[in-house]
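Student: From first to last, the protein sequence lines stand for chains Z and G. According to numbering that gives the first Met the number 0, the first sequence is numbered sequentially starting from 0. According to numbering that gives the first Met the number 0, the second sequence is numbered sequentially starting from 0.
Keep in mind the hints are simulated off the structure, nothing from the lab. Treat the numbers as computed from the prediction; the structure is a model and nothing was measured. Watch out, some of these pointers could steer you wrong.
To be verified - Now the in silico label distances, taken between C-beta atoms and shown as ranges:
(1) Z:Glu62 <-> G:Gly198: 41 to 47 Å
(2) Z:Ala100 <-> G:Lys128: 34 to 40 Å
(3) G:Arg72 <-> Z:Tyr244: 58 to 64 Å
(4) Z:Gly198 <-> G:Gly198: 52 to 58 Å
(5) G:Gly40 <-> Z:Phe213: 54 to 60 Å
Unchecked claim - Below, in silico cross-link-like pairs of lysine to any residue (SDA-like), each with a Cα-Cα straight-line distance of 20 Å or less:
(6) Z:Lys288 <-> Z:Ser263
(7) G:Lys77 <-> Z:Glu276
(8) G:Lys77 <-> Z:Ile182
Cβ coordinates follow ideal geometry from the N, Cα and C atoms, glycine included.
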Amino acid sequence: MRKIIKSLQVSFWFMFLTFPIMVIRVDTIEKTVQWRWLNLLYVGLASFFLSFIWRFLIKKKEEGSKKEESGEQTITIVQKIISTPKYNRPIYSFIFLFMLAFPWIVSTYQTNIMISALIYVMLGLGLNIVVGIAGLLDLGYVAFYAVGAYAYALLNYHYHLGFWTVLPIGGLLAAIFGILLGIPVLRLRGDYLAIVTLGFGEIIRLILENWNEFSFGPSGIANIPRPGFFGMKLGVEEATIYIYYLMILMTIITIFVVNRLQNSRLGRAWLALREDEVACEAMGIDRMKTKLAAFALGATWAGFAGVIFAAKTTFINPASFTFLESAIILSIVVLGGMGSIVGVILAAFLMILLPEYLRAFSEYRMLLFGAAMVLVMVFRPQGLIPSVRRKYVYELKER
Amino acid sequence: MAEAILEVRELCKDFGGLRALDHVDLEIYPEQIVALIGPNGAGKTTFFNCVTGIYEPTEGDIFVLDRKGKKRRINGYKPNKVTELGLARTFQNIRLFPNMTVLENVMIGRHTRTKSWIFGALFRDRRTKEEEKETIEVSYEILKKMRLEKFVNELASNLPYGAQRRLEIARALASEPSLLLLDEPAAGMNPQETKELEGLIEQIRDQEKIAILLIEHDMKLVMNISDVVYVMEYGRLLAKGTPQEIKEDERVIKAYLGEDHDA
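Start from the sequences, fold in the hints, and give me the full structure.
Tutor: Written out as structure tokens, the structure reads:
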């Protein structure tokens, strides 16, 4: 009974809130007012039932968290499948084969979408080093992406350097920018760091927008060549497929690198730094050096992704590197689960592919997107697939 | 007698206008257990923080014998440098890495004794692999010594309180210090656990052959295990001596129990 009253309250509240926009419609041409009372009924009913579902889910979640507190680390089925080679091998190899066959099954348009999804996988995994593993909130990650993209565009424009030459240069440049930004900024903690990196991202964008002699301003740089295949010129379609395979390769390298970094002495230091900086220093970890390594390595992947992005679109301008971009990459990391490689990949695909395929509902896209984010954060604050703490089991067997 | 592992001369630390440490002298010799006691706010933890590099002292000198047996002045060294030289500490309010496993916590302690960096992590060459294996083995040995082996893969935050205290000591030991600094190791422990801790500290001194400096409020523990006791009050050293001498020292009794107005 109390539940019904509560839901009634919710529905009345929503009816009241949405009254001006859902019920009243002012026709400014004929100067009449339309009253759409039926809408009010719909809003009332919908919010009434939704509040029931909401409360049910919250209750379930609370029960779940109680279980977690009582000791055992709850590991979901998905996490289990991912962490046991017996199950994950066939799944991974299937996904791999599917990804290999992908450009031959679908159109160039689809392949292009998949390429941008893969670029975001790379960006997400790169930022995952900084935010997910080392726990440094970086809101200006897109700046390093821009550095990579403009490195290719400008070096090609001025010196006619090819894609393969610039790829490492772009990564290196981004890493250098990461270190340059890192040295003054990494003394800051948490919120302050976030604000400064946000500012840095905007500075890079504004420079690119306003320094016409250097970056050609808002009009951007066009006719950036696609990567060549051993000196051969490729048509649009072949080039797309070629870039697609290149991206697959890069993604695999990224996964490999991030995985290795995570399970190393350096990775442990990052994790510890995320947990407690003072204790870390007392244990002999050089805070600056370790943080800088995280920043530089994260930036490197953004640099690589930037170079590939420039080569893929053949045109770049500062509008591609706004704060929204940083926010999307960050939400990929948070949505997927901090520090979880599989989670980040899944989230990147969701975040990039869903909006593409939901173009039919494009007007509601942002609304749905926001609602989905809120739901995930309420019910799975640890991310879609949280990372599993590595266990050193063999050590126990030995003795 | 051998040279002092830690030698502090005329150490002062000001916070604004407040003098938290006022010309403190202290020295510790190998395999000694030294206790630092005093009422709350006497500056004991400030002293720890100065020695371990978390604060920079305002005046005075701190000398440490490094691993090669050379005497070094460590004023203004960063905490990680101090740890590299062979001083390891625990914290008054436990500062473990709560979301890492017990073993990982100790492995972090091995950081100063290992070297691999980005390239080692990426290419996992033979040296890195061996180093990693050694890290795990040594860490496990230390856990066994601290009777924590059954918790190896547990998250640190899930441990009972006493075990968390022991884990902090284990983590500090992993850096193979020559001097272990314990900040109120028995705080919040019951008498039984305190008794165990007493044995553990003595065992550490005997097995690892290291010196221990501890801040502690539990007088029974202090008097039972210390070789030398320093008493602080209002940032100043009040007294120094063997437990027996301290027990009988008028000034110390006054500091703890207040002035006797009838006398």
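Student: Given a hint of 34 to 40 Å, does the C-beta separation of alanine 100 of chain Z and lysine 128 of chain G actually sit inside it?
Tutor: holds (36 Å)
Student: Holds or violated: the 54 to 60 Å window for the beta-carbon distance between glycine 40 of chain G and phenylalanine 213 of chain Z?
Tutor: Holds - the Cβ-Cβ distance for glycine 40 of chain G and phenylalanine 213 of chain Z, about 59 Å, lies within 54 to 60 Å.
Student: Decide if the proposed pair is consistent with the structure: lysine 288 of chain Z and serine 263 of chain Z, CA atoms, cutoff 20 Å inclusive.
Tutor: holds (16 Å)
Student: Sort out whether isoleucine 182 of chain Z lies within 20 Å of lysine 77 of chain G, counting only the CA atoms.
Tutor: holds (16 Å)
Student: Starting from the hint 52 to 58 Å, judge whether the C-beta atoms of glycine 198 of chain Z and glycine 198 of chain G obey it.
Tutor: holds (55 Å)
Student: Is 58 to 64 Å right for how far apart the beta carbons of arginine 72 of chain G and tyrosine 244 of chain Z are?
Tutor: holds (60 Å)
Student: Holds or violated: lysine 77 of chain G and glutamate 276 of chain Z, Cα atoms, limit 20 Å.
Tutor: Holds, at about 13 Å.
Student: Just tell me: holds or violated, for the beta carbon distance of glutamate 62 of chain Z and glycine 198 of chain G against 41 to 47 Å?
Tutor: holds (43 Å)
Every hint from the earlier list agrees with this structure, and none is contradicted.
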